[in-house]
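Novice: Letter by letter, the chains look like this.
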Amino acid sequence: MDPETLLQLAGSSLRLATPLLLACLAGLWSERAGIFDIGLEGKMLAAAFTAGAFAAVTGSAWLGLLGGIGASLLLGLLHGFASITLRGNQIISGVAINFLASGLTALVGQNWFHQGGLTPQLSGAARFEPITLPFAAALSQVPVLGPVYAGLVSDHNILLYLALAAVPLTWWALHRTRFGLRLRAVGENPAAVDTAGISVTRLRYGAALIAGLLCGIAGAYLSTAMAAGFTREMTAGKGFIALAALVFAKWRPWPALGACLLFGLLEAIGIRYQTITLLGWTVPVQLMQALPYILTVVILAGFVGRAVPPRAGGRPYVKER
Amino acid sequence: MRTSPPRWADLALIPAVNLLLALLVAGLVVILIGENPLRAVELLVTGSLGSSYGIGFTLYYATTFVFTGLSVAVAYHAGLFNIGSEGQAQLGCLGVTLVCLALDRTHWLLVLPAAILAGAAFGGAWAFLPGWLQAKRGSHVVITTIMFNFIASALIVYLLVNTLKVPGSMSPESRTFEAGAHLPFFHEMLAAIGIRVSRTPLNLSALIALLAAGLAWALIWRSRLGYEMRALGHSEPAAVYAGIDPARIIVIAMVISGALAGLMALNVIMGSQHRFVLDSVGGAGFVGIAVALMGRNHPAGILLAALLFGILYQGGSELAFEMPDISRDMIVVIQALVILFTGALENLTRAPIERLLARRGAG
Chain P
1 MDPETLLQLA
11 GSSLRLATPL
21 LLACLAGLWS
31 ERAGIFDIGL
41 EGKMLAAAFT
51 AGAFAAVTGS
61 AWLGLLGGIG
71 ASLLLGLLHG
81 FASITLRGNQ
91 IISGVAINFL
101 ASGLTALVGQ
111 NWFHQGGLTP
121 QLSGAARFEP
131 ITLPFAAALS
141 QVPVLGPVYA
151 GLVSDHNILL
161 YLALAAVPLT
171 WWALHRTRFG
181 LRLRAVGENP
191 AAVDTAGISV
201 TRLRYGAALI
211 AGLLCGIAGA
221 YLSTAMAAGF
231 TREMTAGKGF
241 IALAALVFAK
251 WRPWPALGAC
261 LLFGLLEAIG
271 IRYQTITLLG
281 WTVPVQLMQA
291 LPYILTVVIL
301 AGFVGRAVPP
311 RAGGRPYVKE
321 R
Chain G
1 MRTSPPRWAD
11 LALIPAVNLL
21 LALLVAGLVV
31 ILIGENPLRA
41 VELLVTGSLG
51 SSYGIGFTLY
61 YATTFVFTGL
71 SVAVAYHAGL
81 FNIGSEGQAQ
91 LGCLGVTLVC
101 LALDRTHWLL
111 VLPAAILAGA
121 AFGGAWAFLP
131 GWLQAKRGSH
141 VVITTIMFNF
151 IASALIVYLL
161 VNTLKVPGSM
171 SPESRTFEAG
181 AHLPFFHEML
191 AAIGIRVSRT
201 PLNLSALIAL
211 LAAGLAWALI
221 WRSRLGYEMR
231 ALGHSEPAAV
241 YAGIDPARII
251 VIAMVISGAL
261 AGLMALNVIM
271 GSQHRFVLDS
281 VGGAGFVGIA
291 VALMGRNHPA
301 GILLAALLFG
311 ILYQGGSELA
321 FEMPDISRDM
331 IVVIQALVIL
341 FTGALENLTR
351 APIERLLARR
361 GAG
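Protein sequences, first through last, are from chains P and G.
Heads up: the first sequence begins at 1 in this note's numbering, then just goes up one per residue.
Heads up: the second sequence begins at 1 in this note's numbering, then just goes up one per residue.
These are calculated hints, taken from the structure and not from any lab test.
Computed from a predicted structure; not experimentally measured.
Mixed in with the good hints, there may be bad ones.
[What the hints assert, rightly or not] The calculated lysine to aspartate or glutamate pairs, modelled on DMTMM-like cross-linking and capped at a C-alpha distance of 25 Å, are:
| no. | chain 1 | residue 1 | chain 2 | residue 2 |
| --- | --- | --- | --- | --- |
| 1 | P | Lys319 | P | Glu188 |
| 2 | P | Lys250 | P | Glu188 |
| 3 | P | Lys319 | G | Glu354 |
| 4 | G | Lys165 | G | Asp279 |
| 5 | P | Lys319 | P | Asp194 |
| 6 | G | Lys136 | G | Asp245 |
| 7 | G | Lys136 | P | Glu188 |
| 8 | P | Lys319 | G | Asp279 |
| 9 | G | Lys136 | G | Glu236 |
Isolated chain P, as found in the complex:
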């Protein structure tokens, strides 16, 4: 494989990993606070649609992003209301949110734009275009470093850099701030946090909103940065791959980046090479697609380092009995 192909593959992995990373961090915030979130897919889909629609109508990618975040926050609040306030089943709420987003985006899309569930093609300011970082042209003559800087580090849209920045930010907020400490404590032992006089409800709502925000950016990335408009079911299981990446990363921010890059690479390879021959055996493309899920099951099985979820995950907190 020549260096140029390698560079292209790396860039493509990075772009494919971005929505996974944002959704994975969303899941991380939610689950570290003790709320299971299998509605990542639905929130992303709703955000992708709203962002695509708003960007098409207003002609501004930024307003699209705001709309996408808004839609995702609404679903996040619904999930919070069901699982925190009403102490309902968090899994069921997540399933409902996924279906709601799937049905509503198709239904509203068809009635709004009459293009078979698509939003109009976006161009110009309605899309997040790649940004050329400073010195990319100047450095391009430098061997190794130049092409890597110009081809891999530079020339991505702003949301991708935002996603990458969200990793250290999440790490710092969760592990170096008082809010983060309390939030993690709520996911492990909410009763102890409550005893200390801190509101479990507020912390968990905070986590649900942060998850909504990140899923909103992820959705907007899909429809206004990666593609030029919304297509039906465009998340295509990315929310569940993000969930897999979260397990893979054992609910930690930096490993989440690694897991998402790995899954992004698998997807990039699957797109670039229709047939891969390994030691004389042709790897089916379907195996490549299923690999993230298979790897996650292996991790879950605990054969390669055990993945232990936050202890209070999935259980509503009841203040008094």
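Place chain G on chain P using the hints.
Specialist: Same frame as chain P, but now just chain G:
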């Protein structure tokens, strides 16, 4: 002190109120789209129940949902949330297809028992591993079954494209079975005794679904295994104290759940399509979640809920035909609202109703 509501409120009133709320919100969606919700309901009902054609399709859809609803419910009684019915049903389709392809030159009476065994075995096998991983390694069954759904669909696409496809054909589907592997249609059976109804895909497996509901009831409430499952579902420490082995019950419950999901293939593959196409399951496993929730995990409730979703699916297609603005996606929206209101938001109405009844009981 908190008193539990009377049985009738728990089994009938609360689900009915929640269902009503879901339908009201769905009506709002219809109004927002700019159509008349009452007219939509009318079209839905006449489309699904207004003719022998509509009824046949409604019951055909309902048959599938009975199997997947029972699948979710059996696992639920053991305290397990099986989101994997979709994948287990896909494997069940594979099992039934293999049997039908091998035996379709004989008679359906011979093929049927083998198909039941194969559908149940393939579906059950696909649920075994998530069950085993939950029981022995503590990996959450929700996450593993989600993963297994995706692995199943990749596997099925691979097999349909590479192995089962008719050589030279472009479409990823198996060959059509010979008449020996076709379950009799209801319109054929009724014609034999002189009753003429429209041709619909409704077939013998509707009766098998009824039988399965009866057996599931006997299993859950009239057998030792069912008792152990319910004990585990209520309280694991109590079950362990009573000498029940949780690992064993978890695995058995998951396998039975997967087997029931796999049996939906009798209706779709052997009963109607007579071949395995890419989208044979088409989300029926997920409808099963809504059906089980609405039916409160009781086989009788599941029969009713499956019928309701049958009406939604058949009536929804007719509705989409008459009101093009309300596409079939409306069914998914209603399904989501039903799951939301009867599942996740259940306490929204439960607490007020309980308070109301308690006050009346005291006064």
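Novice: Holds or violated: P/Lys319 with P/Glu188, Cα cutoff 25 Å?
Specialist: Satisfied, since the Cα-Cα distance of roughly 15 Å is no more than 25 Å.
Novice: Would the hint linking G/Lys136 and P/Glu188 be met if the CA-CA limit is 25 Å?
Specialist: Distance of about 22 Å is within 25 Å: holds.
Novice: For a C-alpha distance cap of 25 Å, please report whether G/Lys136 and G/Glu236 respect it.
Specialist: The given pair, whose Cα atoms are some 15 Å apart, holds under the 25 Å limit.
Novice: Holds or violated: P/Lys319 and G/Asp279, Cα atoms, limit 25 Å.
Specialist: Violated: P/Lys319 and G/Asp279 sit about 46 Å apart, past 25 Å.
Novice: Against the 25 Å threshold, does the CA-CA distance of P/Lys319 and P/Asp194 hold or violate the hint?
Specialist: With a Cα-Cα distance of about 8 Å, the restraint between P/Lys319 and P/Asp194 holds, given a limit of 25 Å.
Novice: For the pair supplied as a hint, G/Lys136 and G/Asp245, confirm whether the alpha-carbon distance does not exceed 25 Å.
Specialist: holds, 12 Å
Novice: Please work out if G/Lys165 and G/Asp279 have their alpha carbons no farther apart than 25 Å.
Specialist: holds, 14 Å
Novice: Is P/Lys319 close enough to G/Glu354, meaning Cα to Cα at most 25 Å?
Specialist: holds, 20 Å
Novice: For the pair we were handed, P/Lys250 and P/Glu188, check the Cα-Cα distance against 25 Å.
Specialist: holds, 14 Å
The structure is inconsistent with hint 8 alone, although it conforms to all the rest.
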